[in-house]
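**Q** Grab the two chains, each in its own frame, and use the hints to assemble them into the complex.
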Amino acid sequence: MRETAMRSQKQSSSWLNIGKDFNTMTWVLMPVAIAINMAVGQIVATLRLPVYLDSIGTVLVGVICGPWAGALTGALANTILGLTINPDFLPWWPVAAIIGLVSGICANYGLFKSWWKVVVSGFIIALAAAISSVPISLLVYGGITAGGTGMITAFLVESGRGIVQAVFASSFLTEPVDKITTALLAFAILQGLSKRFLARLPRPENVETDEKISRNQLLIAVGVVVLLILFAIFLLGRLTGAA
Amino acid sequence: MHERLSFFVKRDSPIHRLNPMTKAVMALSLVLIAFLSPWYWTPLALFLFVILPLSLVARVAREYWNFILKVILPTLIILFIMQAFFLPGESRSIFEVFGLEITELSARLAFRNVMRILVMISSFTILLLTTHPSELMSDLSRRGLPGQFAYVVISSLQIIPQMQAKAQTIISAQRSRGLDTQSSFLRRVGGILPLVGPLVFGSLVEVEERAIAIEARGFTSTRPKTFLREIQDTSFDRALRWALIACVILTLILRIWLS
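As you go down the protein sequences, you meet chains A and B in turn.
Just so you know, we're using our numbering here: the first sequence kicks off at 1 and counts up by one.
Just so you know, we're using our numbering here: the second sequence kicks off at 1 and counts up by one.
Same shape as in the complex, but just chain B (with noise of 0.2 Å):
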């Protein structure tokens, strides 16, 4: 209905088969490895030999590829230059242009960020190309999560694609009555209140008819409750979390062992 609004890809895969939990304990796992890991290569080697077979595996490589290229690529450049550049550390120098310098420590320093970054980002990624977030909440709900929760996340995905349509209107609108939205800097600051009032009120009139639609339909209600669709979750789903888990632990025990 609103696909546009997540990453998910309908695709049938090893992946998108997996449970929901066992894909964002994987995702978890992997940014906390790239962090604790207490060797320098463990970020880069994560996405070289765990995250690239998985997108291949998971059959969303191109969706994957694309958002990364398009999205974070630039960011991380620009992140690498920065730290690069200006990350503090004393070293032989490698490079120096208008009297800034990169040293061989901040390329270093600035190497490993930046692939810590794209691991968790791809992490979560590939968890979001190959996961529905309202199948990740209706199994969270499965397993003991407020009902509430399920309600705020899975309707903020519904909502936020209105919002954004109306928040798009109302700017039309308000230009077309004669709002200035590109002059100067105090005329665009002035504009704020007009944009934000109609958008803001007219979206919280709506909130108490709302409560007490689903009020009506037992939202408040604490006795159990059923769930449409079954989510499958196998042993070997169990087996891979739990293993998922202890490879976090044993990192962290490295981590505080050798330092």
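So that you can see chain A by itself, here it is in the shape it has in the complex (with noise of 0.2 Å):
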């Protein structure tokens, strides 16, 4: 088992490898989390939580069969979703292929290997996912969606700031919360996957767990984790003080 493990994380050393992370089992496995992403977010509709949590299978593919898997997924669970709900999530296909390109990359640098790396990992995807919000929201619905952001954009834009400061803050202040306790998600699932079922995917390197997590690594990421967020709380500043 190791040794496969070894082999193989010689083998995708680069991220760009991108043949080798498309085999039958990621073909697969694709339809199969484009489902998961609607059932849980069905799932957490019933439970009447403020998130949607709809991007667990897409965060899956992308830290176990590479970032283009990943992409791929959350472009075509869009897709789909357009295609069999309402048209109105196609536009919104960029943000989901970018979730999964990005924890794809988290993963490979070893950040999805144990819970507090798992929350680092889950905000630079939230900060990904807000970033590449923005230009959509912009451009297709002129700034103000007709949902629970769209009503932060609202009352940002109402206090004076202007319309692409008011969705940058108000996509950055929804994001983390989801996409953390995405991660989380789809980290506690990764770990109870079976090894053996793990290994028939292209990256079972990605998610073995370190065997001792150190003291002072857990410090130096609860400082990345501070950093990260004050320097986010500097960001909104900048950009809702600049209008």
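A few of these clues could be false.
To be verified - Computed Cβ-Cβ distance ranges for the label pairs, DEER-style:
| id | chain 1 | residue 1 | chain 2 | residue 2 | range |
| --- | --- | --- | --- | --- | --- |
| 1 | A | PRO135 | B | LEU105 | 19 to 29 Å |
| 2 | A | ALA199 | B | SER221 | 22 to 32 Å |
| 3 | B | TYR40 | A | ALA199 | 52 to 62 Å |
| 4 | B | SER172 | A | VAL226 | 35 to 45 Å |
| 5 | A | VAL224 | B | LEU186 | 56 to 66 Å |
Unchecked claim - A short, non-exhaustive set of chain B residues, derived as facing chain A with CB atoms under 8 Å:
| id | residue |
| --- | --- |
| 6 | ARG59 |
| 7 | ASN113 |
| 8 | PHE124 |
| 9 | THR125 |
| 10 | TYR151 |
| 11 | VAL152 |
| 12 | SER156 |
| 13 | ILE160 |
| 14 | SER184 |
| 15 | ARG188 |
Hints are computed from structural coordinates only; laboratory data are not their basis.
We treat Cβ as the ideally placed atom computed from N, Cα and C, and that holds for glycine.
**A** What follows is the structure in structure tokens.
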């Protein structure tokens, strides 16, 4: 087990190694992941929680099959949502693709190996999703969408911010909770899968847990999270204050 | 088989008989023209003079209006109200309530945005009402899209209803075992794992079997494949596609030229 994992580590050292990531298991996993996205979204709606968690499948594929497989899953997931539920989902496919891509890249850098690293990944995914949703929100919807995020945008605009800053700020406010929870749930699922199953997928080495978590590492991670949050607040302040 | 999940309505109409690719190009060009056009009234004109006639010619007007009125219109109304109130724009105020005002400029902008979105959703709705997704995918793979893409889309369409049924079963099962899905916030958060876990693990177990099954049926074979159903592609289809692409390019040129 260990040997195969090490061998695959060598092969996939570059995250641009695309061909290897798309084996039959990946292709079969994709529709299941897309269905997981929708079904988990449905469960969360039943529980009336203030998150969507509708990209767990995308993150799973990104982590275990590489960034490009994750990006493709995200893009196709939104396309299929558009084909079956409401064409309103179609313009958002780049955001879903970015979520898959970034979660794959995070996993390749070893950020899916313990829970606190996963929190960091979730935060990075949220930042990427927020940034990529801004141009779509502006170009397609003129900035204010008809949902909870749109309400926050509207509030910020009313209190004197420019529309671009308001869209940025409201995305940054809403994304992290959703994406960190998504990443943690995906991590919990991956931990529950058997090693035999994981070994059939392209990148099992991405979820091998660290044997021992040293105290120093944990402190560094907490520091990184705090810094990221401070940076985000700083960024928010600059963005909203500039108007 | 799983018609419930797709919009597709089986009718006989000139639009249904068009090549799926032509209809996809038509939907995309309508969207692009609505968003790129330099004239304010283009989206409204497209809706009145292209999309409404199309829905009648395709004989799906009833289904189209059903979807638009029930699902899209409420969203669009909320969108219009929010945008009209909150989009920044200094001009003559036309309506004021609780210190919030709709100005002429913000109302104009809001109306344009709403019409654009209406055109976008309508043109895709008509595409989906007249084209079965699997027909579109098989036409795309005939034109060189790797078969794996078609597999992902088509099998998603089959797996999603199964998975939703499974999610409903798991919710009922866990409830009958006493899982609290309705009371306090923390209890509901605690409900995520016992609901998501069984669903995800159960469906991932099937993945390996399915992979072996489709590999045994030549999924990874690179030899040319034959198609069960022939899809017509007439010279009219081709001409229509080029005409639509020309319209989009013309709009783009006008947009750049006039700005």
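**Q** Against the structure, test the hints numbered earlier, and report the numbers of the ones violated in rising order.
**A** 5, 6, 14
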